[in-house]
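If you want the building blocks of each chain, they are given just below.
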Amino acid sequence: MTLPPLPPNVIRVAYLVASILFVIGIKQLSSPKSARNGNLLAAVGMLLAVIATLLDRQIVSYGTIVVGVLLGGIIGTVSAKRVAMTAMPQMVALFNGSGGGAAAIVSSLEYLRFARAGFAVPPVAGVTILVGALIGAISLTGSIVAFGKLQGIVTERAVTYPLQKPINFLLFAGILAVMVWLIATGEPNPTVYAWFAGAALLFGVLFVIPIGGGDMPVVISLLNSFTGLATAATGFSLHNYVLIISGTLVGASGTLLTYLMCKAMNRPITNVLFGAFGAIKTGTGGSTAQSAAGKPVRDISVEDAATMLAYSQSVIVIPGYGLAVAQAQHNVRELADLLKARGVDVKYAIHPVAGRMPGHMNVLLAEANVPYTELYDLDQINSDFDRADVALVIGANDVVNPAARTDTSSPIYGMPILDADHAKHIIILKRSMRAGFAGIENELFYDPKTMMLFGDAKDSVTKLVNTVKTL
Amino acid sequence: MIEQLLTDLTIFILAIFVGYEVISKVPVILHTPLMSGTNAIHGIVLVGAMLVAGMPEGPFVRVLGFLAVVLGTINVVGGFLVTDRMLLMFASKTPGAPKPAGGGK
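Residue numbers (our numbering), protein chains in the order written: chain A, 16 to 486; chain B, 22 to 126.
None of these hints come from the bench; they were simulated from the model. Just to be clear, a hint being listed does not mean it is correct.
Rough simulated footprint, nothing fancy, chain A against chain B, three-plus residues with beta-carbon under 8 Å [claimed, not checked]: (1) 24-32; (2) 60-73; (3) 94-101.
Cβ pair distances, simulated, as ranges [to be verified]: (4) B:Glu-42 x A:Asp-394: 31 to 41 Å; (5) A:Asn-384 x B:Thr-31: 27 to 37 Å; (6) A:Asp-422 x B:Tyr-41: 27 to 37 Å; (7) B:Arg-83 x A:Gly-213: 43 to 53 Å; (8) B:Leu-27 x A:Ala-199: 15 to 25 Å; (9) B:Arg-83 x A:Thr-170: 44 to 54 Å.
Don't be surprised by glycine CBs; every beta carbon is placed ideally from N, CA and C.
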């Protein structure tokens, strides 16, 4: 099968249009009204770039490409359509890893071309190829580990072992040394290159495995920008502007997003990546109703909780990851509808890092048809807690921990939190007294105004719904 | 050679600024779709994969090129579709009435 090749300049114009569509697409993705259109525009840009590339005269064999695109398209479509909304973060991680893997392979094949032709690798080409392969490989295996952690295949806990930091540091230093050597000699050496690639893949695993499950959003965001940069690097290798522009766009925006997420948690990125944060577990989280300090915790029955909710004037729901895990978003909406029918004012307070990704909670609640206008940001809602009768905390923990305000020794000190403790009453739905992802005791549980409703979030909310109905 | 590098670098640096400016005002509510959307965009690496896979090379290169095309396509197709799914949920619930989403007031 032969297609008429396009003149190179036409292809470049097509790439330019695609790049413009990506920029406009990202721009539109930042506003709720135009977001869907923005995604569509970016997809059109992608289609345009792919079609233009197919008509590049450099391409002589279509079979591989067509079969590859069909296979990849089927896998991508099926997984994107099938994935549950709660499992989206890990799906994005996998898609990101795919892109990273593709970038690493493209860079490696460029290297191999030099080796086959027997040419020396010019330093600039050497740098871009090796950097692209390194970042792409880290993104590939790192994303797979992130997926594993979120999916529960790999332990969510931070995995630590003796000499972890020195080992990682040495491995990374070794990789850099090999890179410098390969670039300096310029002599293509596929054997050394293979070792380099293997070490880069290994480093991706070791890099993510010490990071706790709670920090995976930051990691996925960071790896997203990594893949962008790896893509830009392949653009340098292939002298392809659409690759440079799009890869860099994603690299820059991903880095900014990562920064925003860390800022929301008030933790420097270094602390997230190298702090082995989740390892500071204060205990294995037994189910006793006594804290480490021996302070008592007040239980509340479903009936009492339902009555309290039904007869309040104002309720603020604070959803957390526990809600997502239990898939309780639909039940929560049902409860809110019942309360609203009784004249209760119901609002949702969304912490920037609630859930597993920024905005994850919004997506889940939107899926359950919670009106978008009832969702409030931290800044918007915090002053309302003073007037709220009940703060209903569902599966959230660290984002309402007052220690962030007062305890300078706490790892989350300084993180902006939702002022649930300012409400007249606090009802906390929780599976057990287990500490949150950050592994920190939560003073709020021992607040005299706090009542704990233990159990699976979905079960508890369903029971609340049934009880409110009978009132 | 150096001229090419300078052109590439110019584009690279300007793209950094565009990437920064274009997303710096995103409401929190759209962070996940945005991450997912940009995730799909770096699937453009598919173009690079197609270029290397389409060259007349031996079977080893073919296999790796094929793999790169498959992975790149998964990134593109999966990325855009999953983003659309997320956004669809917002879209159906915003009949006019623009809200200062996460605007901080």
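Right, here's what the structure says about each hint:
1. With a threshold of 8 Å between beta carbons, the proposed coverage of the stretch 24-32 of chain B by chain A holds, since 4 of its residues qualify and at least three are required.
2. Only residues whose beta carbon comes within less than 8 Å of a beta carbon in chain A count, and the stretch 60-73 of chain B has 14; three or more means the coverage holds.
3. Here's how the stretch 94-101 of chain B fares: 8 of its residues keep a CB closer than 8 Å to some CB of chain A, so the rule of at least three is met and the hint holds.
4. In this structure, B:Glu-42 and A:Asp-394 break the distance hint of 31 to 41 Å, their C-beta atoms being roughly 23 Å apart.
5. Roughly 48 Å separates the CB atoms of A:Asn-384 and B:Thr-31, a value that falls outside the hinted 27 to 37 Å.
6. Look at A:Asp-422 against B:Tyr-41: about 35 Å separates their beta carbons, and that is inside 27 to 37 Å.
7. Roughly 22 Å separates the CB atoms of B:Arg-83 and A:Gly-213, a value that falls outside the hinted 43 to 53 Å.
8. With their beta carbons about 22 Å apart, B:Leu-27 and A:Ala-199 fall inside the hinted range of 15 to 25 Å.
9. A beta carbon spacing of about 38 Å between B:Arg-83 and A:Thr-170 contradicts the range 44 to 54 Å that was offered as a hint.
Of the numbered hints given earlier, the model fails hints 4, 5, 7 and 9; all others are met.
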